[in-house]
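Read left to right, the sequence shown gives residues 32 to 202 (the numbering used here).
None of these hints come from the bench; they were simulated from the model.
The structure presented is a predicted model; accordingly, all values stated were derived computationally and were not measured.
You may find that some hints are simply not true.
[As the list claims (entries may be wrong)] So the derived label-pair ranges between C-beta atoms look like this:
hint, residue 1, residue 2, range
1, R83, N107, 20 to 26 Å
2, P164, G120, 16 to 22 Å
3, A158, Q92, 30 to 36 Å
4, I188, G66, 15 to 21 Å
5, S65, T152, 17 to 23 Å
6, E110, I68, 22 to 28 Å
7, A154, K87, 17 to 23 Å
[Unchecked claim] Capping the alpha-carbon separation at 16 Å, the derived lysine to aspartate or glutamate pairs in EDC-like fashion look like this:
hint, residue 1, residue 2
8, K166, E144
9, K77, E180
10, K71, D130
11, K174, D130
12, K118, D102
Just so it is clear, CB atoms sit at the ideal spot from N, CA and C, and this is done for glycine as well.
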Amino acid sequence: MRSVRVIVVLVIATLSLAVGVARAGDFPPKTVPSGIIFNKQIGGAKLGMTYRQAIKAWGEQGDCKLNDRDDFCFYNDDESSSGLRFKKGVLWSIDIGADAGKKGGFVREFKFEPNIGIGATRAQVRASFKQFPPKGKVALDKKVDTVTEGKRSTALIYTGDRLTTIVMYLY
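The whole structure should be built from the sequences, with the hints applied where relevant.
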């Protein structure tokens, strides 16, 4: 009887550990802010951060490559992808995206005012610009809307009428 209890305890401990590991790999981590601030940050990753700061913000579960010229980390799931790109250890580009026909996976968590993000229609995005004007110069186009301020820019890229990609970068 004692061996049965030991086995039950081991099974419960193993299952608890497996659930904990699965949760530890969630992206975005539960502690990541979901906000997009044009020309500044997406979900806690801020342009100008160091490599270590950005990885701490988004978590270590990304597929990261380090080399002499560019460092990058990609975070992907079945529905979406995102990336952090670094030059000389400084975050210079953040992108999130999902195919127009997909639900959007984890990138749906990231929103700008008033709760607009990947999957929104062009009309919803532009209405939000009127309600909550982004700081900087706004340029509207058929496929890409941009918000530029100084040496920072955010591109909102559409497939058809849906927002499918947001790219934020320093130049």
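Cross-check of the supplied hints:
For R83 and N107, the Cβ-Cβ distance of about 22 Å falls inside the hinted range of 20 to 26 Å, so the restraint holds. Against the hinted window of 16 to 22 Å, the Cβ-Cβ separation of P164 and G120 comes to about 34 Å, which falls outside the hint. Judged by the Cβ atoms, the range 30 to 36 Å given for A158 and Q92 holds: they are separated by roughly 35 Å. With their beta carbons about 19 Å apart, I188 and G66 fall inside the hinted range of 15 to 21 Å.
For S65 and T152, the hinted distance range of 17 to 23 Å is satisfied, since their beta carbons lie about 20 Å from each other. Taking 22 to 28 Å as the suggested C-beta distance range, the pair E110 and I68 conforms, at roughly 24 Å. Hint check: A154 to K87, Cβ distance near 37 Å, so the stated range 17 to 23 Å is violated. Straight-line distance between C-alpha atoms of K166 and E144 comes to about 12 Å, which keeps the hinted pair within the 16 Å bound.
Taking the CA atoms of K77 and E180, the gap is near 15 Å; set against the 16 Å cutoff, the hint holds. A distance of roughly 24 Å separates the Cα atoms of K71 and D130; the hinted pair therefore is violated under the 16 Å criterion. A threshold of 16 Å between alpha carbons decides the hint, and for K174 with D130 the separation of about 15 Å falls inside it, so the pair holds. Our distance criterion of 16 Å between C-alpha atoms is met by K118 and D102, whose separation comes to about 7 Å.
When the structure is compared with the earlier hints, violations turn up for hints 2, 7, 10 and for no others.
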